[in-house]
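Asks: Here the protein sequences line up with chains S and B, keeping their order. Each residue of the first sequence is one higher than the one before, counting from 1 in our numbering. Each residue of the second sequence is one higher than the one before, counting from 1 in our numbering.
Bear in mind the hints are in silico, worked out from the structure with no lab data behind them. Do not take every clue at face value.
Unchecked claim - Below, simulated SDA-like cross-link-like pairs (lysine to any residue); rule was C-alpha separation at most 20 angstroms, straight line: (1) S:Lys34 x B:Ser270; (2) S:Lys34 x B:Glu274; (3) B:Lys96 x S:Leu122; (4) S:Lys220 x S:Asp240; (5) B:Lys96 x S:Gly87; (6) B:Lys96 x S:Asn88; (7) B:Lys96 x S:Lys220; (8) B:Lys96 x S:His86; (9) B:Lys96 x S:Asp240; (10) B:Lys96 x S:Gln90; (11) B:Lys96 x S:Met298; (12) B:Lys169 x S:Arg103; (13) B:Lys96 x S:Thr250; (14) B:Lys169 x B:Ala279; (15) B:Lys169 x B:Val259; (16) B:Lys169 x S:Ser101; (17) B:Lys169 x S:Asp104; (18) B:Lys96 x S:His116; (19) B:Lys96 x S:Gly145; (20) B:Lys96 x S:Asp104; (21) B:Lys96 x S:Arg71; (22) S:Lys220 x S:Leu122.
Given the structure is predicted, the values throughout are model-derived calculations rather than measurements.
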Amino acid sequence: MTVTGALGRSQGVDSSDTAAIEVRDLRMSYGSVKVLDGVSFTAQRGEVLTLLGPNGAGKSTTIEILEGFRRRSAGEVRVLGVDPAHGNEQWRAQIGVVLQSWRDHSRWRVRELLDHLGRYYLPYSTPDRQRPLDPDELVQMVGLGDQATQRISSLSGGQRRRLDVAIGIVGRPELLFLDEPTAGFDPQARREFHDVVHRLADLEGTTILLTTHDLDEAEKLADRILILAGHRIVADGSADQLSRQVSGQTEIRWSRNGERYVHSAADATGFVRQLFAQHGEEIADLEVQRTTLEDTYMALVQRYESGVPDQPAGAAATFGGAR
Amino acid sequence: MNPMLHAIRLGVFRGWTEFRQSITNRSDQVWIVSINGIFIAVMLFQRDATIPGTDISLALATLPSLLGMNVITGGWMTTATVLSAEREDGTLLRAKSTPNGMIAYLVARIVLSSLNIALGFVIFLTVGLTVLNALDGMGPGDWSILVAVLVLGLLATLPWGAIVGSLVKSSNAGFGLSFLPISAMIAISGIFYPISGLPGWLHPVAQVFPVYWLGLGMRSAMLPDEAALAEIGGSWRHLETFGMLGLWAVVGLALAPRVLRRMAQRESGSAVEERRQHAISGY
Numbered sequence: 001m002t003v004t005g006a007l008g009r010s011q012g013v014d015s016s017d018t019a020a021i022e023v024r025d026l027r028m029s030y031g032s033v034k035v036l037d038g039v040s041f042t043a044q045r046g047e048v049l050t051l052l053g054p055n056g057a058g059k060s061t062t063i064e065i066l067e068g069f070r071r072r073s074a075g076e077v078r079v080l081g082v083d084p085a086h087g088n089e090q091w092r093a094q095i096g097v098v099l100q101s102w103r104d105h106s107r108w109r110v111r112e113l114l115d116h117l118g119r120y121y122l123p124y125s126t127p128d129r130q131r132p133l134d135p136d137e138l139v140q141m142v143g144l145g146d147q148a149t150q151r152i153s154s155l156s157g158g159q160r161r162r163l164d165v166a167i168g169i170v171g172r173p174e175l176l177f178l179d180e181p182t183a184g185f186d187p188q189a190r191r192e193f194h195d196v197v198h199r200l201a202d203l204e205g206t207t208i209l210l211t212t213h214d215l216d217e218a219e220k221l222a223d224r225i226l227i228l229a230g231h232r233i234v235a236d237g238s239a240d241q242l243s244r245q246v247s248g249q250t251e252i253r254w255s256r257n258g259e260r261y262v263h264s265a266a267d268a269t270g271f272v273r274q275l276f277a278q279h280g281e282e283i284a285d286l287e288v289q290r291t292t293l294e295d296t297y298m299a300l301v302q303r304y305e306s307g308v309p310d311q312p313a314g315a316a317a318t319f320g321g322a323r
Numbered sequence: 001m002n003p004m005l006h007a008i009r010l011g012v013f014r015g016w017t018e019f020r021q022s023i024t025n026r027s028d029q030v031w032i033v034s035i036n037g038i039f040i041a042v043m044l045f046q047r048d049a050t051i052p053g054t055d056i057s058l059a060l061a062t063l064p065s066l067l068g069m070n071v072i073t074g075g076w077m078t079t080a081t082v083l084s085a086e087r088e089d090g091t092l093l094r095a096k097s098t099p100n101g102m103i104a105y106l107v108a109r110i111v112l113s114s115l116n117i118a119l120g121f122v123i124f125l126t127v128g129l130t131v132l133n134a135l136d137g138m139g140p141g142d143w144s145i146l147v148a149v150l151v152l153g154l155l156a157t158l159p160w161g162a163i164v165g166s167l168v169k170s171s172n173a174g175f176g177l178s179f180l181p182i183s184a185m186i187a188i189s190g191i192f193y194p195i196s197g198l199p200g201w202l203h204p205v206a207q208v209f210p211v212y213w214l215g216l217g218m219r220s221a222m223l224p225d226e227a228a229l230a231e232i233g234g235s236w237r238h239l240e241t242f243g244m245l246g247l248w249a250v251v252g253l254a255l256a257p258r259v260l261r262r263m264a265q266r267e268s269g270s271a272v273e274e275r276r277q278h279a280i281s282g283y
């Protein structure tokens, strides 16, 4: 996965052989304040990536650099084969952006705005990727069919966020950035949003990079999870891989003669085999559970915030490559 | 499909839509009616007064001055307030994240300002026609001067509105830093009271700013020639009018793209969020 100089030249022309996002040794500081210190990761086309991390870890900064809204201090960045600092309008047309707190266009009506914003993508429509999406289908897709002719100022918080997602995908982006898309969603809206993301990833082949604070959501949506802490990526892998790598422990619960037991073991299968060999039919209510993503996340972030920066960096590097 | 032309067309549509939304919005309607009602009332009160040294109605002199003022409020103030408010609410960032969105956005600013100015013209000219019989004496030469002052006035004020709107930190500042100086410029520009009646030391100050020249240019188009006697130097000073408006236009048009580009480069999600937090904590 070497980044060659040639990648940047043909902006947006078929570059499907390249990764959607390639970041190598990205560094960012504001004055003397270091925000990103050697961030590296890759997103393959069609992949759904979740970026997790405590507030102030640099998630938004990372996304803004990839979106081309912020200039980096140092490092190699390629988004759809192009350096986002020099992305042209054709490149821009292939990217969808959903930010945390849009409040714009409050006087417009829902369908009217989707129709208007969709038209900007018309010159960038290609035979194999027709742009934009039909505004009527789009309002249905994000569940705003009943609000299509309402003024945007009259939408509820959750409806407004769904409109933002709709605007983000109106140009049928190849790559979509979502910054905390479900903050303030009720469970139903969240479920509907997850369906939209799955649909985009499966049917449209959209590469998606999203940030969230909801670990359950990260686990549900992401093919791969990146954890950003201490100014760098400290973990990169699927939820399963992360929990295996971080704790290496699995929790086993059972009951025997009405008494409940909990035990953590590195080799759960071996432990359970032994358990049955020893107690046989007395064992009931058996549960074997790998460490949750939440435990993994807390363990990783705490390790970094308590200032043990270097030891797990090597471990982090092996996540992505190992499997 | 040429993306640039396409974006310009979208910008025109956008500007028209925003104008439509504005004139159908209740609070905007109240503002339009009350502010223009005040100006019309001023003219009605002035009907019986005359310009010093002539027998021309003072209201007749106020009408073209108001047309000039209308250009600066529509060109400078509207652009500055809308731009600063839309940086704050994320409209500008939205434009930035849309292909060719910034071009369309700027076109929309020009279209909206022009339409607002046109609306003011229609209102004031209707009053002029029906109540003051102001347009009777105007020949084709006068009309072409009026149009030239209008177009040049727009070029002299709109870029400055964009500059102010780009530099301010909040929409409140965007309104304050355009409303207050423009009100001051208007107060000393001879729009509501002939400049010859103002203290002499104010004359050079007033003549630095485009408001005075917009008013003078409009008066020269709409008033009989003898009214020029009430002006500084007793003449319409067309050369100076076009020269000064041209100077403001050239400097503004040279600076605005640079300032706009720098401002646009800095727009990002966190910049918008920061301004939002600032706006919330400010109250």
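Asks: It remains to establish, for every hint, whether it holds in the given structure.
Replies: Results for each hint:
A threshold of 20 angstroms between alpha carbons decides the hint, and for Lys34 (chain S) with Ser270 (chain B) the separation of about 17 angstroms falls inside it, so the pair holds. The suggested pairing of Lys34 (chain S) with Glu274 (chain B) holds, with an alpha-carbon distance near 19 angstroms, which does not exceed 20 angstroms. For the hint pairing Lys96 (chain B) with Leu122 (chain S), the CA-to-CA distance comes to about 17 angstroms; that is within 20 angstroms, so the pair holds. For a cut-off of 20 angstroms, the pair hint linking Lys220 (chain S) to Asp240 (chain S) stands: about 12 angstroms separates their Cα positions.
A C-alpha spacing of about 12 angstroms is found between Lys96 (chain B) and Gly87 (chain S), which places the hinted pair at or below 20 angstroms, so the restraint holds. With a CA separation close to 11 angstroms, the supplied pair Lys96 (chain B) and Asn88 (chain S) stays within the 20 angstroms bound. Taken as a hint, the Lys96 (chain B) and Lys220 (chain S) pair is broken in the structure, with Cα atoms around 31 angstroms apart against an allowance of 20 angstroms. Restraint check for Lys96 (chain B) and His86 (chain S): satisfied, since their Cα atoms lie roughly 14 angstroms apart, inside the 20 angstroms limit.
Note on Lys96 (chain B) and Asp240 (chain S): the hinted pairing is violated, with a Cα-Cα distance of about 38 angstroms set against a maximum of 20 angstroms. Under the criterion of a C-alpha separation no larger than 20 angstroms, the hint pairing Lys96 (chain B) with Gln90 (chain S) is consistent with the structure, at around 13 angstroms. For the proposed pair Lys96 (chain B) and Met298 (chain S), the alpha carbon gap of about 37 angstroms is over 20 angstroms, so the pair is violated. With a CA separation close to 17 angstroms, the supplied pair Lys169 (chain B) and Arg103 (chain S) stays within the 20 angstroms bound.
About 48 angstroms separates the Cα atoms of Lys96 (chain B) and Thr250 (chain S), which puts this hinted pair outside 20 angstroms; it is violated. Restraint check: the Cα-Cα separation between Lys169 (chain B) and Ala279 (chain B) comes to about 10 angstroms, which is no more than 20 angstroms; the hinted pair holds. Straight-line distance between C-alpha atoms of Lys169 (chain B) and Val259 (chain B) comes to about 14 angstroms, which keeps the hinted pair within the 20 angstroms bound. With a C-alpha separation of about 18 angstroms, the suggested pairing of Lys169 (chain B) with Ser101 (chain S) holds against the 20 angstroms cut-off.
Distance hint between Lys169 (chain B) and Asp104 (chain S) is fulfilled; the C-alpha atoms sit about 17 angstroms from each other, no more than 20 angstroms. For the hint pairing Lys96 (chain B) with His116 (chain S), the CA-to-CA distance comes to about 15 angstroms; that is within 20 angstroms, so the pair holds. Among the hinted pairs, Lys96 (chain B) with Gly145 (chain S) is inconsistent with the structure: their alpha-carbon atoms are about 27 angstroms apart, more than 20 angstroms. With a C-alpha separation of about 13 angstroms, the suggested pair Lys96 (chain B) and Asp104 (chain S) falls inside the 20 angstroms cut-off, and the hint holds.
Straight-line distance between C-alpha atoms of Lys96 (chain B) and Arg71 (chain S) comes to about 15 angstroms, which keeps the hinted pair within the 20 angstroms bound. Annotation: proposed proximity of Lys220 (chain S) to Leu122 (chain S) is violated, straight-line Cα distance about 33 angstroms (limit 20 angstroms).
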